[in-house]
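Visitor: Below are the chains, spelled out letter by letter.
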Amino acid sequence: MNSFGRAQHNESVSNAIITHDLGKTYGDRPIVRNLDLRVPEGCVYGFLGPNGSGKSTTMKMLLSLVRPTSGEVHIMGRRMQRSTRRSILGGIGSLIEAPPAYGHLTGHENMRLVQRLLGLDQGQVQRAVRTVRLQEHLDKRVRDYSLGMKQRLGIALALAREPRILILDEPTNGLDPAGIEEMRRLLRYLAEQGITVMVSSHLLGEIDRTAQVLGILGNGRLLFQGSREQLFSRSTPDVLIDTAEPERATTLAARWSAVREGHSVRVPGVDQAATARLVSHLVQGGVPVHGVRRQEQSLEDVFMDLTGGRGL
Amino acid sequence: MNGRAVANEFTKMRRLRVAPLVLIMVVGVVALTCVTFTAPGFLDSVDDPDARPWHWLLAGLALAVPLVSPILLAVLASRQVDMEHQGHGWLLNQVSGVTPGHLCRVKFLSMGALVAGATLAQSALVVALGRAVGISVDLPLGPWLGYTTAIIVVNLVLFALHLLVAARVPNQLVGLGLGVLGVFVTLAGTGMPLWSAHLLPPWGYYAVATPVDTDAGGVVALDPPYLSVLSLGIVGALVFLGVTRMFDRQET
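As you go down the protein sequences, you meet chains V and A in turn. What the first sequence shows, in the numbering used here, is residues 1 to 312, in sequence order. What the second sequence shows, in the numbering used here, is residues 1 to 252, in sequence order.
Looking at chain A on its own, in the form it has when it is part of the complex:
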């Protein structure tokens, strides 16, 4: 049943402009990150390990992701759920044995796979473009993979949150408004001390996951609390399962 339901979700994505939205999410983040290439002297020091060109790119990526992702995740979640409200899809699925909570979980699986793929693609494209402009120093694989994984977790938790809001509140302006608010919270989180960014889940965790910081004109590597991000993922999963189970028991 799950496999068929997931396949149905991909069919339902037709004509919803999901592919362009996912593409904007990837291209937007990559383009903003590539602004780093225009920094004075960057292209002259691509082969200098002391200039840490990859860390500069990682800093650019960590700035671009929170600017682009929250609002687009809100839009994607809204697109996935609004059609169920408009087309009485909840009822159609329920009388076919797929309860509303089950449908939300299926939507998370299908769209979540695209979100995770897009996040992975952002990271990989930035690396590819870094190589293309001639960065020849070794890629700091640990921080890069750590950040990519952490951002996949934060993006998925945020997408799940928007999915629940969109399912609970038929007026999709509420979810989109929350997405816009999320961008501000995310930006505020980047300027906050680490402990206070923890208090704004899930948006604050874009800042928590940041692996580099700039200091006195240079870039320094940080040691992000990956355990916090893991905890966010676990709590997010439990809350999502709990709320969708509640949807399953709700009367139509």
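Excised from the complex, chain V in its bound form:
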């Protein structure tokens, strides 16, 4: 094994999904560009991006439903290609676009189809159904299911093969708040069982409390990949200064682009050293400083910052 091969092997050991320079172009319109994904094993990977940013296309490329124009996909250390596709897909459960199920059949009959197709035993099917807590509804026709039940059945169909990786494209679309919370719990539970869960969403609230690793896509490019903490460290929150003389403070801090906000002054883009200099400058100028704090940021703020405020 050469050094590149060794490096790739080492990466593969800890990453369930790796892409190298992955790209997709339709005509002359690039949808996904130079994507280098690293999805660690056994985590929930939140794949975020505004609508139309290329999330679904990327997920379809991972599942070999769409052929990449450039680059490679490696799943569990094996390169996804025509000859390996079927065996690799045997280890991946997925839910893409909409929950798949035949409406005229019951939940049980739908599960039976997948069981027969993949040669699964009854225990595997029962475990999948129990995981999504659908055992009470298996005798109902799927056309009579609520959307949440259809989503759960879709996940059960994906889980029945006992996959090492689960790829879910916007699984909370259309769910009510209770359904969304239930989905969050399910994703966390699956990750605890050692399944690598890659879940896409354009809604940050869904991902914020579930994913350990985030990938943020914008215009087909990977804008960020890493932990939540790393993401926050990429962005410097505004400094808020509470004072009895906000007008004078704003004038004194003009070179830091300070803006008055009621009884406070907002100063954007200043690091810790600059904050110290700013406060010192105000105090020397005779401004009574009552408090200095950073604006609390939500993941949404950081996301908006990265994507230029698109798509939320």
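In short, the hints are calculated from the structure, not lab data. Since the model is a prediction, treat every value here as computed from it, not as a measurement. Just so you know, even glycine gets a beta-carbon here, dropped at the ideal spot from N, CA and C. Hints may be right or wrong, so weigh each one.
Unchecked claim - Under 7 Å between C-beta atoms, here's a sample of chain A residues computed to sit facing chain V: (1) R4; (2) N8; (3) R15; (4) M83; (5) G87; (6) H88; (7) L91; (8) L92; (9) V95; (10) S96; (11) G97; (12) E251; (13) T252.
Chain V is fixed; fit chain A onto it per the hints.
Guide: Chain A in isolation, oriented as in the chain V frame:
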């Protein structure tokens, strides 16, 4: 994988009223053919070889099959495929290793077996009813088997065509409209010279396969160009395989 996939297709047929449709196809053709029994003097000449009662029944069968089969084949194909569009079944199967073209081929195998069986049953039931009303002259086995085989081929080619249309165009009204149009083309084909019926595949081949004709109040045996029907079957199979391979390569 194929055996499991075929078994799955039979499971998916539940509650789609496939069995009643196939039954209508059989009963409809047999009932229309049996109208021949009501022809003046037919029942009086069931034991007269010169009256050719079996050839009259074969003429009735050759008229009934094109009237009933095209539209029902369109409906059956639509039922098989629409559930995949509605239930995102293409994707479900694809991530389980069964590509869309493969799924179409599996559907052809499973439903095609029923179509072939129904066609065979139509022919056998007409013979049984002919015997039941007392036809005692020898059955012209060659023309009867030749026609039955030819119609199985034409029905399967037409079913394959409808399967491809239904898979390609999610709006099933298009396929059903084509089925209705097919009935008219089929009827037009029966009145055309043989060479021009060849130009309307596959519907025109119902006329091409016809083994008898009526002439001056009597019935005459024809020598149908079975080679043409065989060619239709081969070309149909190649086109079906080619198009389904193309489906396999299409991106979702």
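Visitor: Taking the hints in turn, state whether each one holds.
Guide: Going through the hints against the structure:
A cut of 7 Å between beta carbons decides the hint on R4 (chain A): the least distance to chain V is about 5 Å, and the hint holds. Given hint, N8 (chain A) at the interface with chain V, holds; its Cβ is 5 Å from that chain's nearest Cβ, closer than 7 Å. Residue-level restraint check for R15 (chain A) holds (minimum Cβ-Cβ distance to chain V is 5 Å; threshold 7 Å). Because the beta carbon of M83 (chain A) sits about 5 Å from the nearest beta carbon in chain V, less than 7 Å, this interface hint is met.
Contact between G87 (chain A) and chain V, as hinted, is supported at the beta carbon level, the nearest pair being about 4 Å apart and thus within 7 Å. This hint holds: H88 (chain A) has a C-beta 4 Å from the nearest C-beta of chain V, less than the 7 Å allowed. Given the 7 Å rule on beta carbons, the hint for L91 (chain A) holds: about 6 Å separates it from the nearest Cβ of chain V. Annotation: L92 (chain A) was flagged as interfacial toward chain V, and the flag holds, the nearest CB pair being 4 Å apart, inside 7 Å.
For V95 (chain A), the suggested interface contact is upheld, since its CB lies about 5 Å from the closest CB of chain V, less than 7 Å. At a threshold of 7 Å, the smallest CB-CB gap from S96 (chain A) to chain V is about 5 Å, leaving the interface hint in force. Hint on G97 (chain A) holds. Least Cβ distance to chain V is approximately 4 Å, under the 7 Å limit. Proximity of E251 (chain A) to chain V holds as hinted, the smallest CB-CB distance being about 5 Å (cut-off 7 Å).
Here the hint on T252 (chain A) is kept, as its CB sits about 4 Å from the closest CB of chain V, short of 7 Å.
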